[in-house]
Amino acid sequence: MTAVTTVAIAGGGVSALAAATALAQRGIAVDVFETTPELRALGSGISLQQNALRVFRELGAWDDIRDAGFAFDGLTLRAPGPDAPIIAQMNEHGGGELPSAMGIARPRLAEILYAHAVAAGARVRFGTTVTGAHDDGDAVRIEIDGTPAGVYDLLIGADGLHSAVRAAIGIDTVPEHIGMGIWRAFVSRPADVATTELYYGGPSYIAGYTPTGESSMYAFLVGEADSAFFDLSQDEARRTMHALSLAYGGPWDQVRADLERGEAAVNYTWFTRHLVAAPWNRGRIVVIGDAAHSCPPTIAQGAAQALEDALVLAELLGERDALDQELWDAFHARRLPRASAVVDGSVELALLQRDGEHQRSAEVIGRVAASVAGTA
Numbered sequence: 006m007t008a009v010t011t012v013a014i015a016g017g018g019v020s021a022l023a024a025a026t027a028l029a030q031r032g033i034a035v036d037v038f039e040t041t042p043e044l045r046a047l048g049s050g051i052s053l054q055q056n057a058l059r060v061f062r063e064l065g066a067w068d069d070i071r072d073a074g075f076a077f078d079g080l081t082l083r084a085p086g087p088d089a090p091i092i093a094q095m096n097e098h099g100g101g102e103l104p105s106a107m108g109i110a111r112p113r114l115a116e117i118l119y120a121h122a123v124a125a126g127a128r129v130r131f132g133t134t135v136t137g138a139h140d141d142g143d144a145v146r147i148e149i150d151g152t153p154a155g156v157y158d159l160l161i162g163a164d165g166l167h168s169a170v171r172a173a174i175g176i177d178t179v180p181e182h183i184g185m186g187i188w189r190a191f192v193s194r195p196a197d198v199a200t201t202e203l204y205y206g207g208p209s210y211i212a213g214y215t216p217t218g219e220s221s222m223y224a225f226l227v228g229e230a231d232s233a234f235f236d237l238s239q240d241e242a243r244r245t246m247h248a249l250s251l252a253y254g255g256p257w258d259q260v261r262a263d264l265e266r267g268e269a270a271v272n273y274t275w276f277t278r279h280l281v282a283a284p285w286n287r288g289r290i291v292v293i294g295d296a297a298h299s300c301p302p303t304i305a306q307g308a309a310q311a312l313e314d315a316l317v318l319a320e321l322l323g324e325r326d327a328l329d330q331e332l333w334d335a336f337h338a339r340r341l342p343r344a345s346a347v348v349d350g351s352v353e354l355a356l357l358q359r360d361g362e363h364q365r366s367a368e369v370i371g372r373v374a375a376s377v378a379g380t381a
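The numbering of the sequence shown is this note's numbering, which starts it at 6 and goes up by one.
It is worth saying that the hints were derived from the structure and are not from the lab.
Do not take every clue at face value.
Pair ranges (Cβ atoms, derived) [as the list claims (entries may be wrong)]:
id	residue 1	residue 2	range
1	Glu-362	Thr-136	15 to 25 Å
2	Ala-338	Arg-372	18 to 28 Å
3	Met-95	Gly-132	36 to 46 Å
4	Ser-345	Ser-220	22 to 32 Å
5	Asp-258	Thr-152	52 to 62 Å
6	Asp-197	Glu-324	13 to 23 Å
7	Glu-148	Ser-238	15 to 25 Å
8	Gln-239	Phe-131	18 to 28 Å
9	Glu-362	Gly-142	50 to 60 Å
10	Ala-120	Glu-362	42 to 52 Å
All values derive from a computational prediction rather than experimental measurement.
Even for Gly, the Cβ is constructed at its ideal location relative to N, Cα and C.
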């Protein structure tokens, strides 16, 4: 017997689809309500650490994701300048059978997770927005676009940074900008780029790239937040990123060539941070993923933490026979310390990079890595 038999999920991103898959695999009826009219993943590529890969393995999606992305071990550090000299190479493996990290195109990841959710039996409804939720104590009645749409044992708000579910249940914690922004471009991969490579120093707070496939990678530049960048056309964005990257040589030469040819899709976002204090639930309604926490991508743990939220919640709902306080206490005990360590460490590392204190970065990275090394 499971703690619930029917679940509604608001949102269609990483945490929503992972939760849908894990719950449906446990025999729970799942309806996913996603606002966009079709499957959509904003951005270019994404870096995933080994704890995220463990979740994919548990969901049965690892083989597909591995084949669609680019797995690797280690990290390369370079200095700015025309020759982009390598200053350090870290080849440590995270342990176990999985690689320590990988990169993958965001749209491809979304397609794979969606396919596994549907194969497990989850129903995904696009072009639908959860606009109301009423917890009656024994069940949750939800509204879609203002119209009653069903009764469920649980509503999961996995609807992102600006979560409507979070606001609806009275949680007033919202993402805060930390004054930094990131440019990302989806570009071709030089043959000699086989791991994430980071450049410390130079005009950007940090520069780098991560391979996402045999012929692709995404490149990124981090600098001071500027709202004017949101209004640029793709051509203007490519020219801006090209100009900001001129201090970096090596593989950046090929990145700039892609930008010049107009072949690179570019996007710009700001770094945010927030962490909802326990409890993440109000009765039979709970928030997870970006609705519950966000952090700069400096340690590449945002998606991993969202995936862990989804899997831990599904495990608890599947192995217990009541949706009671004991279950919620167990959920928060497993998720709050881990998510808190990642949010705090990611922000700390971002600020060190902003201030040019790169000698302390390794300590922060090591500390956070240790905090997420074991099973969630």
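Now the hints, each set against the structure:
At about 45 Å, the CB distance of Glu-362 to Thr-136 disagrees with the hint of 15 to 25 Å. Checked against the given bound of 18 to 28 Å, the beta carbons of Ala-338 and Arg-372, roughly 21 Å apart, stay inside it. Between Met-95 and Gly-132 the beta carbon distance is about 45 Å. The supplied range of 36 to 46 Å therefore holds. Between Ser-345 and Ser-220, the C-beta spacing of about 38 Å breaks the proposed range 22 to 32 Å.
Between Asp-258 and Thr-152, the C-beta spacing of about 55 Å keeps the proposed range 52 to 62 Å intact. Separation of Asp-197 from Glu-324 is about 47 Å and departs from the stated range, judged on CB atoms against 13 to 23 Å. The supplied range of 15 to 25 Å is broken by Glu-148 and Ser-238, whose beta-carbon atoms lie about 38 Å from each other. Our hint of 18 to 28 Å for Gln-239 and Phe-131 holds, since their Cβ atoms are close to 25 Å apart.
The hinted window of 50 to 60 Å between Glu-362 and Gly-142 holds, with their beta carbons roughly 51 Å apart. Between Ala-120 and Glu-362 the beta carbons are some 43 Å apart, a value that agrees with the proposed interval 42 to 52 Å.
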